[in-house]
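Q: This is what each chain is made of:
Protein chains: 2
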Amino acid sequence: MPEKRYLMTPGPTPVPPQVLAAIAEPMIHHRASDFRSHYGSCLERLKQVCRTQSDVLLFTSSGTGAWESAVVNLCAPGQRVVAVTAGSFGDRWVKLAQAFGADVVPLRYAWGETPDPADLRAKLAEIGGAPVAFVVQSETSTGVVSDIQGFAQVAQEAGTTLVVDAVSSLGAVPLEMDAWGVDVVISGSQKALMTPPGLGLAAVSQRAFAQARGVEQPRFYWDWEKTRAAQAKVDAPFTPAVSLVIGMNVALGLILDEGLETVYERHVRLGRACRAGIKALGLELFSPDEDRSAVVTAVRSPGGLDSGELVKVLRDRYGVTIAGGQGDLKGKIFRVGHIGWFDLFDIITALTAIEIALVDLGADVVRGAAVGAAVAAFQAA
Amino acid sequence: MPEKRYLMTPGPTPVPPQVLAAIAEPMIHHRASDFRSHYGSCLERLKQVCRTQSDVLLFTSSGTGAWESAVVNLCAPGQRVVAVTAGSFGDRWVKLAQAFGADVVPLRYAWGETPDPADLRAKLAEIGGAPVAFVVQSETSTGVVSDIQGFAQVAQEAGTTLVVDAVSSLGAVPLEMDAWGVDVVISGSQKALMTPPGLGLAAVSQRAFAQARGVEQPRFYWDWEKTRAAQAKVDAPFTPAVSLVIGMNVALGLILDEGLETVYERHVRLGRACRAGIKALGLELFSPDEDRSAVVTAVRSPGGLDSGELVKVLRDRYGVTIAGGQGDLKGKIFRVGHIGWFDLFDIITALTAIEIALVDLGADVVRGAAVGAAVAAFQAA
Chain A
83 MPEKRYLMTP GPTPVPPQVL AAIAEPMIHH RASDFRSHYG SCLERLKQVC
133 RTQSDVLLFT SSGTGAWESA VVNLCAPGQR VVAVTAGSFG DRWVKLAQAF
183 GADVVPLRYA WGETPDPADL RAKLAEIGGA PVAFVVQSET STGVVSDIQG
233 FAQVAQEAGT TLVVDAVSSL GAVPLEMDAW GVDVVISGSQ KALMTPPGLG
283 LAAVSQRAFA QARGVEQPRF YWDWEKTRAA QAKVDAPFTP AVSLVIGMNV
333 ALGLILDEGL ETVYERHVRL GRACRAGIKA LGLELFSPDE DRSAVVTAVR
383 SPGGLDSGEL VKVLRDRYGV TIAGGQGDLK GKIFRVGHIG WFDLFDIITA
433 LTAIEIALVD LGADVVRGAA VGAAVAAFQA A
Chain B
83 MPEKRYLMTP GPTPVPPQVL AAIAEPMIHH RASDFRSHYG SCLERLKQVC
133 RTQSDVLLFT SSGTGAWESA VVNLCAPGQR VVAVTAGSFG DRWVKLAQAF
183 GADVVPLRYA WGETPDPADL RAKLAEIGGA PVAFVVQSET STGVVSDIQG
233 FAQVAQEAGT TLVVDAVSSL GAVPLEMDAW GVDVVISGSQ KALMTPPGLG
283 LAAVSQRAFA QARGVEQPRF YWDWEKTRAA QAKVDAPFTP AVSLVIGMNV
333 ALGLILDEGL ETVYERHVRL GRACRAGIKA LGLELFSPDE DRSAVVTAVR
383 SPGGLDSGEL VKVLRDRYGV TIAGGQGDLK GKIFRVGHIG WFDLFDIITA
433 LTAIEIALVD LGADVVRGAA VGAAVAAFQA A
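Line order of the protein sequences matches chains A and B. Following the numbering used here, the numbering of the first sequence begins with 83 at its first residue and continues without gaps. Following the numbering used here, the numbering of the second sequence begins with 83 at its first residue and continues without gaps.
Some hints could be false.
Which copy is meant is left open, so a pair is good if it fits within one copy or across any two.
Under the rule of at most 30 angstroms between Cα atoms (straight-line distance), these lysine-lysine pairs were calculated in the DSSO-like manner [as the list claims (entries may be wrong)]: (1) LYS361 to LYS315; (2) LYS86 to LYS412; (3) LYS361 to LYS308; (4) LYS394 to LYS315; (5) LYS308 to LYS129; (6) LYS361 to LYS394; (7) LYS315 to LYS177; (8) LYS412 to LYS129; (9) LYS86 to LYS315; (10) LYS308 to LYS205; (11) LYS177 to LYS412; (12) LYS412 to LYS361; (13) LYS86 to LYS394; (14) LYS177 to LYS361.
These are computed hints drawn from the structure, not numbers from a lab.
Kindly produce the complete structure, drawing on both the sequences and the hints.
A: Given below as structure tokens:
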């Protein structure tokens, strides 16, 4: 039998067949009326997913491209910026802002720690404020999900524009852009939005648009104003990734049909199920054992086992792809993604495969308990 | 019967079913070994299509993104640059380089004129040289294809780094990057490479890499060195558009299986057929009546007819999508693309549809002659 494959990394994530089918439709022109109906619908649905009345700007890029758009639209050379970092992606944003000459003040935590809004308040007070702050909602490298509502409140008090990396969290855990007063939300197509990688997005508040107009930093491809003006006419400044836009429109339809609240609740339950199963295996969680961390479950590799070995055995022997650790965590943790198109049975598959592979590798695990624990946690009120 | 649709714009272009099928395969992880085999093959095939031993850097972006990469890697603020422009895309590159602070000296032609390498020689002499020059190979807005071999010779004599926009020409008309001494070739997935839009590419000579190292211009997403270093490990610095890379690898395989010389010859014949048919209709060509202009045939709208009307009737009544004019040519010309996955019968369809629609619109055309003329021109030795 041809091997069945299971993609359980924190991104790219599995794409539903309806989305794949839409992507495989014959090509159409990006200025034809039929594409414009997909595109207009996609832009409107993105607003609903971001919970905003503002424009959601779509870029043909990785998520990092959408991040670069925030930097070049909001950060003039020499401008002070606070970047909250507790992992690989937080570190990337520090480097990105530095590359464009920003005076970056990192608010740094050990990888795996959960950033605290009170620390941002203290940091802003200490340095006399900053016009912009960057924070990661879901730190994919550690599985930690931060309290964005808390960060938004601190930023508003300080008059600081808050830019949130929601690449691996948008559409999986709550993010109320307008209600919480978040200025900019950055995300990408390839995580909870259940679409292949290739689209980056920036939801931009009126306040952030106004701020961007005063920022002198060269920009062309990432220019927010240019993109907004084109999108106002249901157009794009440059040929968009037609197939991916059509696919994402279908995926967003699936999410909104399920209902955002239901989607969030499903992720909470998937997270609980995965953590319960991991604990029942006798393993130690690296990511926090809390409902908010519902997109990636990070686990300490047991008994000195190189987690890279586990990743390899799972992939090569059982067709299951999970992720190892990044940076200093390489070899020390493994990560199971359950972002987007996942249900309970995917978690059961992941846990069973991990159990089998760890036994193969001679690790000391509790056998036969993970599935039951996961099902019970998923079903608990 | 559901309407059959015919995409005959100069991009995006039709995508072969094998490519669409590959794009619709279930998602895989971008660092898994199965993706790496697609990716490595795609990068290698791109070198063959660019006729270079150098690296071809792949960006998740529109073609304009790949252009921006050339500007931010080669142009420091205030640096002199010559930009050859004779149409919409030439003008875009002028604006792009200006946006990043380059001191752009335009070598400007009327839209529809064919740029002459001798004029670049004269301009470089007049201004005392320039480290970088930009030129468009196929000006999609007018159908003109420039003599890149001639421009490359002039640039080499002057010690100027030549950057060529081959977005709508790479894989359709000859471009011998190494043999002609072209420093940088920019292109995108959505034209002759028969893949949906979403991938930009920059083929970069060793000389251009060396030059980029000395250029102080902030860059992160578009950084050539970062991309080259990742690609050397068959990796990408940021999550690539997995599906599009897999699709483009298939498309490049189709091109190389047909053979680049055969592909070029097919485009020459398609261009001849299209022009012969247009002339047999009694219409006047806007693009040059020469073999080199083999990717887009631009035609003057007859008898004061708004070409936008023709485009609309073709699309709404007959399911055939062609393009109108851009800028000052809006309403005055129409353009038929025959880039990539096109054969004689596509040209016959386009000509027949144009004939029918022009008759609908009351235009004065010669009826019943276009198809025979096109077939004869296609078959002529």
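Q: Decide, hint by hint, whether the structure agrees.
A: Outcome of the hint check:
{"no.": "1", "hint": "LYS361 to LYS315", "in the structure": "neither (52 angstroms within a copy, 36 angstroms between copies)"}
{"no.": "2", "hint": "LYS86 to LYS412", "in the structure": "within (27 angstroms within a copy, 53 angstroms between copies)"}
{"no.": "3", "hint": "LYS361 to LYS308", "in the structure": "neither (50 angstroms within a copy, 40 angstroms between copies)"}
{"no.": "4", "hint": "LYS394 to LYS315", "in the structure": "between (48 angstroms within a copy, 18 angstroms between copies)"}
{"no.": "5", "hint": "LYS308 to LYS129", "in the structure": "within (19 angstroms within a copy, 33 angstroms between copies)"}
{"no.": "6", "hint": "LYS361 to LYS394", "in the structure": "within (22 angstroms within a copy, 63 angstroms between copies)"}
{"no.": "7", "hint": "LYS315 to LYS177", "in the structure": "between (35 angstroms within a copy, 22 angstroms between copies)"}
{"no.": "8", "hint": "LYS412 to LYS129", "in the structure": "neither (37 angstroms within a copy, 33 angstroms between copies)"}
{"no.": "9", "hint": "LYS86 to LYS315", "in the structure": "between (44 angstroms within a copy, 27 angstroms between copies)"}
{"no.": "10", "hint": "LYS308 to LYS205", "in the structure": "neither (34 angstroms within a copy, 32 angstroms between copies)"}
{"no.": "11", "hint": "LYS177 to LYS412", "in the structure": "within (20 angstroms within a copy, 44 angstroms between copies)"}
{"no.": "12", "hint": "LYS412 to LYS361", "in the structure": "within (21 angstroms within a copy, 66 angstroms between copies)"}
{"no.": "13", "hint": "LYS86 to LYS394", "in the structure": "within (16 angstroms within a copy, 47 angstroms between copies)"}
{"no.": "14", "hint": "LYS177 to LYS361", "in the structure": "neither (36 angstroms within a copy, 58 angstroms between copies)"}
Violated hints for the displayed structure, listed by number in ascending order: 1, 3, 8, 10 and 14.
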